[in-house]
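Peer 1: Below, each chain spelled out in residue letters.
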Amino acid sequence: MKTSSSQRSAIAFVPADVVGLLGFLAVVVVAMSFASDRFFSADTFVSVAFQLPELGLFTLAMLMPLISGGFNLAVTFTANISGLAMAWVLHAHGGADAGAGVIILGIAAALATGAASGWVMGAIIARTGASPILVSLSMMIFLRGLGEFMTHGGDISGFPPAVLVMGNGLLLGVPVPLWIFAGCAAVWHVVMTRSRLGFATRMIGSNLEATRYSGIATTRAVTRIYMLSGLMCGVAGIVMLASFNSVRVGHGEAFLLISVLACFLGRVDPFGGFGRVVPVVIALVILQVIASGLNLLGANQHLATALWGVFLLAVMLLRWAWANGFFQSLVRRRVTASGGVTQ
Amino acid sequence: MPDLRKLGIGSIEALLILVIAVMVIGLSLTTSTFLTLPNLFDLLNQSSVNIIFAVGLLVVLIAGGIDISFAVGASVVQYLTALTVMRLGGGNWALGFLASAAFGFLMGAINATFIYRFRIVSIVVTIATFNVFFGGLMFLTGGVSIYDLPDWWMNRVSLITLKTSSGVADLALPVAVMFATVVATWFLLRRTTTGRQLYAMGDNPEAARRVGINIGAMHYIAFGWLGMMAGIAGLMQAHYVQEVVPNALYGRELDVLAAVVLGGARLGGGRGTILGAILGILLTAITANGLNLLGISPYAFKMIIGAVILIAITLSSGGFAKLVGSRFASQRVKAFS
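First to last, the protein sequences are chains A and B. Residue numbering for the first sequence follows numbering that gives the first Met the number 0, beginning at 0 and increasing consecutively. Residue numbering for the second sequence follows numbering that gives the first Met the number 0, beginning at 0 and increasing consecutively.
Hint data in this document are derived by calculation from the structure and do not stem from the laboratory. Idealized CB from N, CA, C, for every residue including glycine. Misleading hints may appear alongside valid ones.
[Unchecked claim] Every beta carbon over 12 Å from chain B, so not counted as near; a handful from chain A, in silico:
| # | residue |
| --- | --- |
| 1 | T127 |
| 2 | L142 |
| 3 | F148 |
| 4 | G172 |
| 5 | V186 |
| 6 | F198 |
| 7 | R211 |
| 8 | G214 |
| 9 | L255 |
| 10 | W319 |
[Stated by the list, open to error] Computed beta-carbon distance windows for the label pairs:
| # | chain 1 | residue 1 | chain 2 | residue 2 | range |
| --- | --- | --- | --- | --- | --- |
| 11 | A | L21 | B | A299 | 32 to 40 Å |
| 12 | B | I310 | A | N167 | 38 to 46 Å |
| 13 | A | A216 | B | R118 | 50 to 58 Å |
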């Protein structure tokens, strides 16, 4: 109730939150430049451009379930398993000498694996009404176990050069993974704003039962939301495979926290129903700049983990403060406007 | 079977008991080592820390929350307790329990404050505090373990020692502590009004608030209780392995959560029993033990547990529980009317 009323008004002033986030980005860049004199250089921005897509793809995978009022804790391990599927196809057909056909087959295998695991999750959530946290958690345990069982905790590496270009190459001066991410973000934006599924996602996040009673096939919509989320994990798995030149179960585990953080910093409603792709992408850039800055400052890896946690709490506290302050003035207005009608 | 429910055995518990019984019979027939006193006592010793975690987590789940930070929180408590007792010149068991329960309560209270006062979803808060606790602990300690714990903490305390033909069977202190925490949690949930209020809040927080339940106090009680149990579990774990390793409990929260949910607790609150939680832990422990004795790759274990839970969720909300539970359905209607 509280958050929904504040969010609805935020949607009305669309540019305001984007401008706010861009302002915050500028502040972060300036602060980092003062903190480290090596920060404001071309190298930093190249590294940001190469590292952003992995985090970004996970965040997109997290975004749709979050807007639908759910959660997908299995994103990182779905990506690992998709990467494994692709690695398996590549190794079964020639390893480092595999041709273009095999690479396309491998990509298809990765996407299919991601989509299949997402579909299973979505079907269970939609049909049984079980908590998405729980279903995705057990899927995560299962996928991690499956991956460890197949790889025995080791790395799989040795891929054709064409695959590595997808992770490390440049196209028109822009890293290839960034192109992939930009394409996926654009598709997500269109899905969320222009398609029936995007509309259904937001409605389900606001009120599942009301959506079902108004004639939307919620079971199918929820299944598709998680299937698309799994598909995006598949893309993330391919990009991770290409940029690390290896697949290991547990790669990118830390992205889970940061992707949740990016969504909430990008003004997705934690209770579901509201959220857009553009602010989330800006939030992603902010977080990646901070991550690269921390890296440059030589921050300890564990310290960085703790700081991400603190940052998530800080973002949620700020949102609470903002929503509450806003809410009080809104309530006064609404009470006088509605008179006693709602009572 | 009218008296099963009076004993607190619902359909999920009955199903778990059945599965465990089948597994025990199967393992006793296929392996010579499973049904021996040393193995069974070891199983109990190793499960007791998880059961202490589980009864604490159960209280939070019943109250409608979720917590994934408790296991790393317990590591923080281990460290703080070790530093405290060493600063106080050694200490003893009473001081150890007091310190770890107090520090644990503090960890829970931090979570409760964010969840209740600032209205942040509990999964988000505990993902954040999980990283703060773990990252902070690893950073501040540099990942260094503590080996020189006081003697009272390190020395094994045996409750029962039996010499059998297949080795020495030894029941250790954690089992006794486990019984104490189980009884205490049972008393809290089943014999106090606070317990009933926790169930009420988990089922419908708004309705609970309107009948006059203090929602804030309930948050602090639920998360504080889990914190206390986690602290005590941490104390027992350090006692059992005789060292404090900062990342020893990392990842334990998922095993415990999965097992408690397997035991019939519902995410979203209002449902769950202590017997179910214990059976869930025992089932996973026996599965791990059995796979080990059968010589199956330990890598397969997590995959099997994940698959079991996925299937259990599907069946429990779908048809299987209704199928099994239909026997009790008529009585349940009576009880609710």
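Peer 1: Run every hint past the structure and note whether it holds.
Peer 2: So, going through the hints one by one against the coordinates:
| no. | hint | in the structure |
| --- | --- | --- |
| 1 | T127 | violated, 4 Å |
| 2 | L142 | violated, 7 Å |
| 3 | F148 | violated, 4 Å |
| 4 | G172 | holds, 36 Å |
| 5 | V186 | holds, 27 Å |
| 6 | F198 | holds, 24 Å |
| 7 | R211 | holds, 17 Å |
| 8 | G214 | holds, 24 Å |
| 9 | L255 | violated, 8 Å |
| 10 | W319 | violated, 5 Å |
| 11 | A:L21 with B:A299: 32 to 40 Å | violated, 49 Å |
| 12 | B:I310 with A:N167: 38 to 46 Å | holds, 41 Å |
| 13 | A:A216 with B:R118: 50 to 58 Å | violated, 32 Å |
Taken one by one, the earlier hints fail for this structure at numbers 1, 2, 3, 9, 10, 11, 13, listed in ascending order.
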